[in-house]
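Next come the chains, spelled out residue by residue.
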Amino acid sequence: MMELLQTLQLLGQDLLGPAWLPVWTAVKIMIIILPIMGGVAYLTLAERKVLGFMQIRPGPNRVGYWGLLQPVADGLKLLTKEFIIPNGSNKFLFVAAPVLALTPALAAWAVVPFDDGMILADVNAGLLYLLAMTSLGVYGIIIAGWASNSKYAFLGALRSAAQIVSYELAMGFALVCVLLAAQSMNLGEIVRGQSHGTGMLGWYWIPLFPMFVVYFIAGVAETNRAPFDLAEGESEIVAGFHVEYSGMGFAIFFLAEYANMILIAAMTSVMFLGGWLNPFHGWPVLGAMTDAIPGLIWMLGKMSAMLFIFLWFRATFPRYRYDQLMRLGWKVFIPLTLIWVVVVAAWMQTPYWLW
Amino acid sequence: MNKLINFFKSFLLLELLKGMSVTGKYFFARHITVEYPEEKTPQSFRFRGLHAQRRYPNGEERCIGCKLCEAVCPALAIKIEVAERADGSRRTTQYDIDLTKCIFCGFCEESCPVDAIVETRVYEYHGEKRGDLYYTKEMLLAVGDKHEEQIAKDRAADAKYR
Chain A
1 MMELLQTLQL
11 LGQDLLGPAW
21 LPVWTAVKIM
31 IIILPIMGGV
41 AYLTLAERKV
51 LGFMQIRPGP
61 NRVGYWGLLQ
71 PVADGLKLLT
81 KEFIIPNGSN
91 KFLFVAAPVL
101 ALTPALAAWA
111 VVPFDDGMIL
121 ADVNAGLLYL
131 LAMTSLGVYG
141 IIIAGWASNS
151 KYAFLGALRS
161 AAQIVSYELA
171 MGFALVCVLL
181 AAQSMNLGEI
191 VRGQSHGTGM
201 LGWYWIPLFP
211 MFVVYFIAGV
221 AETNRAPFDL
231 AEGESEIVAG
241 FHVEYSGMGF
251 AIFFLAEYAN
261 MILIAAMTSV
271 MFLGGWLNPF
281 HGWPVLGAMT
291 DAIPGLIWML
301 GKMSAMLFIF
311 LWFRATFPRY
321 RYDQLMRLGW
331 KVFIPLTLIW
341 VVVVAAWMQT
351 PYWLW
Chain B
1 MNKLINFFKS
11 FLLLELLKGM
21 SVTGKYFFAR
31 HITVEYPEEK
41 TPQSFRFRGL
51 HAQRRYPNGE
61 ERCIGCKLCE
71 AVCPALAIKI
81 EVAERADGSR
91 RTTQYDIDLT
101 KCIFCGFCEE
111 SCPVDAIVET
121 RVYEYHGEKR
131 GDLYYTKEML
141 LAVGDKHEEQ
151 IAKDRAADAK
161 YR
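Top line first, the protein sequences correspond to chains A and B. Numbering follows the working numbering, with no gaps: position 164 of the first sequence is 164. Numbering follows the working numbering, with no gaps: position 118 of the second sequence is 118.
I should point out that these hints are in silico values taken from the structure, not numbers from a laboratory. There may be inaccurate statements among the hints.
Unchecked claim - Taking lysine-lysine and the BS3-like style, the derived pairs with C-alpha atoms no more than 30 Å apart in a straight line are:
no., chain 1, residue 1, chain 2, residue 2
1, A, K331, B, K101
2, B, K79, B, K101
3, A, K49, B, K18
4, B, K40, B, K3
5, A, K91, A, K77
6, B, K79, B, K146
7, A, K77, A, K151
8, A, K331, B, K40
9, A, K91, A, K81
10, B, K18, B, K101
11, B, K3, B, K67
12, B, K67, A, K49
13, B, K3, A, K331
14, A, K49, B, K153
15, B, K40, B, K18
16, B, K25, B, K9
17, B, K129, B, K146
18, B, K160, B, K67
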């Protein structure tokens, strides 16, 4: 894979000269975006399958073998539906909102390392960039809620905005711990910082275990997934901020939500689960057996495991009440993360810091 | 002290993990879904589905036009006209069941002194127009002819409980 890309790049440089760089970047963006789109499509199927299995039923199984063509059918259905723009809405913002929701969800992928060196933009402030991009996603939601000129949509947008802003803090502090441990904001460096121990014992999920949990739960809240899906709240406010959207507009919001989910899963793997590293590296027998597996596979495997937990949460937990949600964010997570920042900082000054 | 234990219990997310273990267990459980067109649930021999008119083995229709079923029908779904046939026997000239009115209570079958009107196990039928579900005597007899074997077997199985 990497060799193929390298030969392709050399070939292009000879062919186009300086004009090659933007073309090459666009190609690389496509290489990242298209699998994400496919992943989103099949994540919807996986979600329905997992929910079905946990409710002792088979889930979708009519379209194609084992329901494997279901996402295609859903996509076609949404594409052919009419995109209705409500009369009282602010038309420009109404159309712009789905785009504003999707763009940051996809842009954030620029700094995610899939393998050693397999990264679109190896920037040193990768962590900051990620935080900035995931925070921008809330604009799409607020604008969608406001531009719809509908009360349900507005309520959903307000809930969602408040929720994302409060959990961003806990998330940020959890990432500060990672930053302290890795002493770098470059995501590639963070993964490399976890390669010193033997296999998965060297990853940050051990010293930063509370932060790992907090980060993942905050990530669930950040993406407005169950049990923190008050912004959608089917039973109270119908669908929240995207009630007024139909057809492709709705599909894009859907896409953004699931792309964000995959992103949170990828970030959790990079920050706490050693990204592309082999979990058994350096172990007696397993290490030698598994070292040949490419890093990309490990990365994708870890992401899938995290995504499965997302779906598992949805199948298990009932929705939080709004005040409970706020209490959890402000009165539990933020103090906990603050304390752990101090603990980690102090721990790193002692000789007992092994990571 | 109790407060402290509760604090740690909730902090270690024990209850959440317990909940997740339940759903996790069901993830591997056997599905209970019956995938309908391919699989079907077992039926009782008392199943009350589409109506049928039966005949005797010699081909003579059983119905004698006593109108007991018409009288007992709580939904007024049955309409019967009776006349004397050329051989002097009492026969129906019209025997209609409106399946859009019928509530499938089985009273007609129970009231019948000659086991002429019965409810079969057939439940996969449909009508594309409203009138399609208005079954006339000929249609009911045709249903009976088609399923006579099954009908006779079900009556025999049920006989010892009557």
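These are the hints, each one checked on the structure:
no.	hint	in the structure
1	A/K331 to B/K101	violated, 62 Å
2	B/K79 to B/K101	holds, 12 Å
3	A/K49 to B/K18	holds, 22 Å
4	B/K40 to B/K3	violated, 54 Å
5	A/K91 to A/K77	holds, 24 Å
6	B/K79 to B/K146	holds, 23 Å
7	A/K77 to A/K151	holds, 27 Å
8	A/K331 to B/K40	violated, 54 Å
9	A/K91 to A/K81	holds, 19 Å
10	B/K18 to B/K101	violated, 51 Å
11	B/K3 to B/K67	violated, 77 Å
12	B/K67 to A/K49	violated, 55 Å
13	B/K3 to A/K331	holds, 17 Å
14	A/K49 to B/K153	violated, 42 Å
15	B/K40 to B/K18	violated, 35 Å
16	B/K25 to B/K9	holds, 22 Å
17	B/K129 to B/K146	holds, 23 Å
18	B/K160 to B/K67	holds, 26 Å
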